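Taken in order, these protein sequences are the chains called A and B.
Quick note: the first sequence uses my numbering, first residue 1, plus one each step.
Quick note: the second sequence uses my numbering, first residue 178, plus one each step.
Derived from the structure by calculation, the hints contain no laboratory data.
Quick caveat: nothing in here was measured; it's all calculated off a predicted structure.
We put the CB at the ideal spot given by N, CA and C, even for glycine.
Check each hint, because a few of them may be wrong.
Computed beta-carbon distance windows for the label pairs [to be verified]:
#, chain 1, residue 1, chain 2, residue 2, range
1, B, R234, A, I8, 16 to 26 angstroms
2, B, N211, A, H30, 43 to 53 angstroms
3, B, L185, A, V32, 23 to 33 angstroms
4, A, E103, B, K230, 29 to 39 angstroms
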Amino acid sequence: MSNLVKNIIRFILFIFVQVFVLNQIPALHHLVNPYLYYLFILWLPFKTGRRTLMFLALFIGLALDFFTKTPGLHAAACVLIAYIRPFVINVLISHEGAEANYEEPTIKSMGFVPYFTYAAVLTFVHHAFLFLLEALQFGGMWYFLLKTLLSGAISLLLILITELIFVRRQRFRTNTA
Amino acid sequence: MEEAMRNLFLFIRRYFNFFLFLVLQVFCLYLLFNYNRYHNSVYMRVANEVTGKFYSRYNDVEYYFKLKRTNDSLVKANEMLYNKLKQDFEMPDTINKTVNDSVKIDSLLKFRKYNYMAAKVIGNSVILPNNYLQLHRGELQGVEKDLGVIDPNNAVVGTVIDVSPNNTIVMSLLHKQSSISAKLKNNGESGTIVWDGLDPHIVLMKEVNKSVKVTKGDSVVTSGFTDRFPYGLLIGRVQQVISEKSSNKYLLKIRTAANFSDLQYVYIINNLQKREPAELLKKAQKTNE
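Given the sequences, and given the hints that come with them, work out the whole structure.
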């Protein structure tokens with residue numbers, strides 16, 4: 001399957017899962033608001049340019065926003081994580097050339113610990129920015145901090161489960177072949 | 178001069194991504210804060226039509242699983258209406274006699290104040306800090322902005338904030354900007370209903386004077402001060418009375434009468450007589466300026 005088709009399918013699936021599953025299930029607690037849709041941004045290929053990343057993030061954010069009637073809220077958080085994604089990847093990639101040899105950030109291509117650090121950093125940045133924008137309208141410091149921590153932890157757990165169930169096979173590509 | 182221009186362009190090119198990031202952020206925040214203040218943008222009309230298609234597909238399935246509870250609530254609503262029929266009342270007194278109303282239905286039309294429109298709920302959330310309902314009925318079917326919305330058992334649900342040709346967005350009581358004028362049914366003391374974003378079954382009633390007696394279980398109804406809701410629609414019942422130490426007001430925790438997670442049908446209330454008082458008020462405000 002070509003990369004484009006694969007990512008279009010992912011886009012649609014992630015939005016539907018977020019809108020019709022995660023936003024519909026009764027909340028565990030009012031501070032727990034799990035998100036999974038931004039995994040789309042985390043799974044984009046290494047070679048995606050930063051501008052493309054930001055525009056794709058804007059699109060998926062706005063797509064979710066139109067369902068939750070909060071135009072700009074998720075889009076702003078997504079654009080932020082798309083902007084910092086390349087920095088995080090550069091810092092975390094341990095072995096030389098993982099970007100050249102593999103297509104996307106996965107557990108296999110980056111290693112378990114670096115991959116989860118990457119997911120955790122972007123998760124907490126995403127949630128922090130999202131709930132900060134929310135807290136500007138109401139709530140307060142503690143609401144913001146607790147909600148970021150708890151929701152972030154549950155979202156990370158969801159990401160872990162997703163990674164375990166849907167293992168993305170990655171071909172090892174070499175320059176020599 | 179040329180040197181400076183060249184440096185400026187180099188600077189912009191070097192940090193192009195950062196500037197693009199800033200531009201996109203400003204764009205997003207503009208959309209966000211603009212929508213929260215004014216809810217009638219052109220792009221949201223299109224977006225609502227599109228999301229409405231998906232939501233109604235999803236609701237076709239969801240509705241099936243909630244048929245039983247929907248049916249129960251309709252039976253309850255019918256029971257209430259049956260108990261209001263004329264034949265339910267009989268007086269043993271012969272002085273009183275029943276007279277047929279001589280006013281023709283036709284001539285009643287101009288006295289009609291409230292018109293109820295049924296609408297199917299297709300999108301709904303209760304877990305977000307700002308919750309909206311999406312209804313499958315819109316401008317083409319007679320819905321306007323700023324109309325009140327109630328559930329089949331006459332419990333307040335929210336206010337229409339955005340209308341597109343076939344879809345309506347309702348700000349539910351479970352929204353941080355929702356504010357509805359309410360009264361305690363017992364003593365007529367008024368206050369404002371808001372939501373703190375915590376529990377979808379609990380809303381707060383603010384600005385209730387400590388001089389009145391409030392007990393657990395008291396009904397809270399709409400005040401009829403605004404043109405959206407007639408007087409006396411149930412909002413909920415008092416669950417807890419909190420006495421604010423720094424002021425002479427009570428904060429009441431109200432258990433909502435409407436079950437927001439179970440809504441399948443709602444009624445939109447159109448006030449047909451709202452124009453005249455609104456114009457009068459405007460005129461009065463103008464003379465005062």
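Consistency of beta-carbon spacing, A:H30 to B:N211, with hint 43 to 53 angstroms: For A:H30 against B:N211, whose Cβ atoms are near 27 angstroms apart, the range 43 to 53 angstroms is violated.
Outcome of range test on Cβ distance (A:E103, B:K230; 29 to 39 angstroms): holds, 34 angstroms
Hint check for A:I8 and B:R234 - Cβ pair distance inside 16 to 26 angstroms: holds, 19 angstroms
Range agreement (Cβ of A:V32 with Cβ of B:L185, hint 23 to 33 angstroms): violated, 48 angstroms
In summary, the structure is inconsistent with hints 2 and 3 from the numbered list given earlier, while agreeing with the others.
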